[in-house]
Amino acid sequence: MLTSTPVGLDEITIMAGASAAAYLTLEMKAPSGEAATPAPDRDQREDLDGCDVEIAEATSDEDLPASEGGVA
Amino acid sequence: MTYSLLWLPQVLKDSGLKVAPVDGWQERGDGDVHTIVGVICHHTAGPRSGNMPSLETLIQGRSDLPGPLAQLGLGRDGTYFVIAAGRCNHAGKGAWKGVTTGNSSFIGIEAENTGLSDDSPWPQVQVDAYQRGVAAILKHIGQPADFCAGHKEFALPAGRKTDPDFDMNPFRSAVAALLAGTTPAPRLIPAVEPPAQPGASAGRPTLRRSATGELVKQVQAKVGVVADGNFGAKTEAAVRAFQRAHGLVPDGIVGPKTWAALDAVPTPTPV
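Chains as they are written, first to last, in my numbering: chain Y, 1 to 72; chain V, 1001 to 1271.
Extracted from the complex, chain Y is given alone in its bound form (with noise of 0.2 Å):
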């Protein structure tokens, strides 16, 4: 069994004995027209830190979901 990440996609496994025609295809439909966009890959998106952002718009209490439990 073969492994291999190609940019922008996660991992794809081609079985022993397929043929690597299947890979070669999936690779070449990625960038079709407008460049892509890669999707980030996981360590970029581990940088990703969105504590202590500004508060656009402040949910009013009357917004706010309801709570279960808690009592009794």
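By construction, these hints were calculated from the structure, which means they are not laboratory data. Errors might be hidden in some of the hints.
Ranges of calculated distance between the beta carbons of each label pair, as one might list FRET restraints [unchecked claim]:
{"#": "1", "chain 1": "Y", "residue 1": "Ala-66", "chain 2": "V", "residue 2": "Pro-1170", "range": "29 to 37 Å"}
{"#": "2", "chain 1": "V", "residue 1": "Val-1226", "chain 2": "Y", "residue 2": "Asp-63", "range": "13 to 21 Å"}
{"#": "3", "chain 1": "V", "residue 1": "Ala-1221", "chain 2": "Y", "residue 2": "Ala-66", "range": "17 to 25 Å"}
Stretch-level coverage of chain Y by chain V, calculated; a stretch enters the list once three of its residues show a Cβ under 8 Å from a Cβ in chain V [what the hints assert, rightly or not]:
{"#": "4", "region": "47-57"}
{"#": "5", "region": "62-70"}
Glycine included, every Cβ here is placed at the ideal spot set by N, Cα and C.
Assemble chain V onto chain Y, guided by the hints.
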């Protein structure tokens, strides 16, 4: 598609905590998580007023940063808002116990607090819920208290983050005591008022969102909303405001303490 952390609300409820699932939480996430190894504690640095004013931002993110920004929001009244069952963009670059994949491997809790002196000390009900919620999660995943990190401890380079603005060491000690079972059980809101005297019948029931009937009308008349007998979001918000004005936990739930405070207020005469 639902994500992996479907157990979150029940684990928190089973620990006696108030839990408010946000619509769509089961399918919300920036992909799915890896194996969860711990919890990272944050504060929102959001607005000073309101119970969980940062909630919508935690759900949606902002234009240049996709949400969700944490699996859980913790309101000032100690309610956990369950935002996402999948991966959230809360941690960023960092490391704790050798784990560097903060967004994929840690559950993020964003507790509502400005991080400023105007919002300190934190409400005791919120601190207690923070510790109990973290302990419940760590117990569920089979990890000790030191797998709870403050964002300021996880984030790299050192000093990149300052949240949460409390000392994590006593916090972890409290979590460890909860895990060891040496902390008293939480004090839940009684479902009914205790009898006025021994042998007397129990009093009024505790009321919260979705309750209906004559008692709800009495509450509504006292807090100044239309007395239609339906305990909806407007009534809950009015009850919270009443509770804040009377030094009670502003959770929008009418339990024995809130009933007593309401009794002390004359019902406004209709004009």
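Looking back at the hints listed earlier, which ones does the structure fail to meet?
none
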